[in-house]
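Engineer: Residues per chain, in single letters:
Number of protein chains: 2
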Amino acid sequence: MIPSKAQLDSAYSIVKPYVHRTPVLSSSLLNELTGSNLFFKCENFQKMGAFKMRGAVHAISKLNDNEKARGVVTHSSGNFAQALSLAAKSLNTKAYIVMPVNAPEVKKRAVKQYGGIITESEATIQAREAAAEEIIQETGATFIHPSNDTNVILGQGTAAIELLEEQPLLDCIMVPVGGGGLIAGTALAARYYGKNCKVIGGEPMLADDAYRSLKSGKIELNDTANTIADGLRTYLGDKNFPIIKSLVSEIIRVEEEEIRTAMRLIMERMKIIVETSSAVPFAALLKEQSNFAGKNVGIIISGGNVDLSELTF
Amino acid sequence: MIPSKAQLDSAYSIVKPYVHRTPVLSSSLLNELTGSNLFFKCENFQKMGAFKMRGAVHAISKLNDNEKARGVVTHSSGNFAQALSLAAKSLNTKAYIVMPVNAPEVKKRAVKQYGGIITESEATIQAREAAAEEIIQETGATFIHPSNDTNVILGQGTAAIELLEEQPLLDCIMVPVGGGGLIAGTALAARYYGKNCKVIGGEPMLADDAYRSLKSGKIELNDTANTIADGLRTYLGDKNFPIIKSLVSEIIRVEEEEIRTAMRLIMERMKIIVETSSAVPFAALLKEQSNFAGKNVGIIISGGNVDLSELTF
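In order, the protein sequence lines correspond to chains A and B.
Per our numbering, the very first residue in the first sequence carries number 1277; after that it's consecutive.
Per our numbering, the very first residue in the second sequence carries number 1277; after that it's consecutive.
Among these hints, one or two may not hold up.
Given that identical chains are not distinguished, each listed pair holds provided it fits within a single copy or across any two copies.
[What the hints assert, rightly or not] Here are the simulated lysine-lysine pairs, DSS-like style, with alpha carbons at most 30 angstroms apart:
#1 K1388 - K1563
#2 K1571 - K1365
#3 K1344 - K1563
#4 K1384 - K1563
It should be emphasised that the hints constitute simulated quantities derived from the structure, not laboratory data.
Model the full assembly from the supplied sequences, consistent with the hints where possible.
Structural biologist: What follows is the structure, given as structure tokens:
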């Protein structure tokens, strides 16, 4: 059930030519502040602005020629919509994107800019799934889930491979937990490329489904998910949960105010623009700072797609 | 009158251990948009958030032991105040900083945080010079000018050395022009380390003293300087002007709206936080885009010290 090292190696060689090798940044100020040695893997500098490009490229690459000719479909209003659109363009196929009618104009524009073909649906999950199903019936396109897909998970793991190539002796890697694709991929990379490197998730208290899932041993949902970390409102799936269950050490939950503080610190001290979701693992580290003292900690900055006009501090 | 390659080499080896080697970032989107190959040297990631650390370290390092024991003094409300404070701390001496009473609290806090000793004065240049003079009389500290000092100029040139080490075939390097220290240092680096690498300045139309100085052949002042690029309101001096006159190809002037557009583009597309002054050379490139088509262009992102609460787009 756990993908092999060979599968991850293969994903890395497939994904590499289509993505940026993003820089790993450090900040002496944040090191002083936390007492840890922090290494930020800046996927906010990735193509289309987030790590999701990696999984999308890998999933499309694994299709056969017939499937590629018919295209891919997903429903997402976030980064995966852009990722699948740009990956499809890079790999000469089509991406059909189901977006809720109320999705922000700026997100629709980004998808169109990358060549994605948008179908609007009502905002409910049922309506979105029905719209995707209709496209599949009409076009024969292959559905690709944003996070609960083994090839997507393997692709997302390549960010941590690059991080570990630069910093082989990390004690742990911290990532945000949303749908579970990034943390599952990172856990595989840490297992196969790290040296006793733990993987720790950061999750908003207001959408702590993964924390509860690890406790109960089965996939839990969120009743509400009003967190400002809008990329983390989703829940785990049957492909990534087994990986998370067996390879992730811990999930640390943080309050909204802690996310805001972490985001401001990253932007002020590191001079980089990050999404709210990206601030969650750093918020988790700040919360349990003493546990990380003296440790070498990798943090994956998952993305940087923020609407600048909505930034308020 | 033009410092030698040996002097610049020496500055580089002196400065190196005290500064970050900042990354050089590219953006495929901005390359597509402009038709040039752009290489952004990210001095916004430098210690204290700006290239000014380089010149401050070099100037202090060149003092003899007696001078070092007595400390250094400058008047600045901007990045050089922080740079001199942090450089003095790194080199075990004291920095006396004259700041206008109306300087923003956040800037005073930053200077104090780096160990600078603040003296407040009235905001006029006369009052600031008088306050600095008084400190010199009392303490025997050495005055260090933020931009019109040969050792400062040589220190600032080290950013372009690093850029040219990574991208030896740049056709030109673009920098903002304020007091003239960065552009003079960059011009020396391009001359000694580049291969026919031009240096081009970007300057706000509202503070275009350097543009007019190059035209008239003598140092011109600004009547008013209300540009949003607040780091560029100053004028050239007798140490940097001869270097600029003999080694800088051109200065391109830009409107306030062009600076704002360039700043937003950099932040949205590159996901980095830059000061308004740092957006000026990119604004200059956008303005005369066709002249740079197909060229390899280095752009020095001079700093990232912005008050996030003042960011409005």
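Engineer: For the identical chains here, do K1388 and K1563 meet the 30 angstroms Cα criterion within one copy, between copies, both, or neither?
Structural biologist: The answer is between: 27 angstroms across copies meets 30 angstroms, while 39 angstroms in one copy does not.
Engineer: If the cut is 30 angstroms between Cα atoms, do K1571 and K1365 qualify within a copy, between copies, both or neither?
Structural biologist: between (41 angstroms within a copy, 26 angstroms between copies)
Engineer: For the identical chains here, do K1344 and K1563 meet the 30 angstroms Cα criterion within one copy, between copies, both, or neither?
Structural biologist: Answer is neither: 45 angstroms inside a copy and 41 angstroms across each miss the 30 angstroms cutoff.
Engineer: Go through the copies and call it for K1384 and K1563: within, between, both or neither, with a Cα cutoff of 30 angstroms.
Structural biologist: Classified as between: cross-chain Cα gap 29 angstroms, same-chain 36 angstroms, threshold 30 angstroms.
The structure is inconsistent with hint 3 alone, although it conforms to all the rest.
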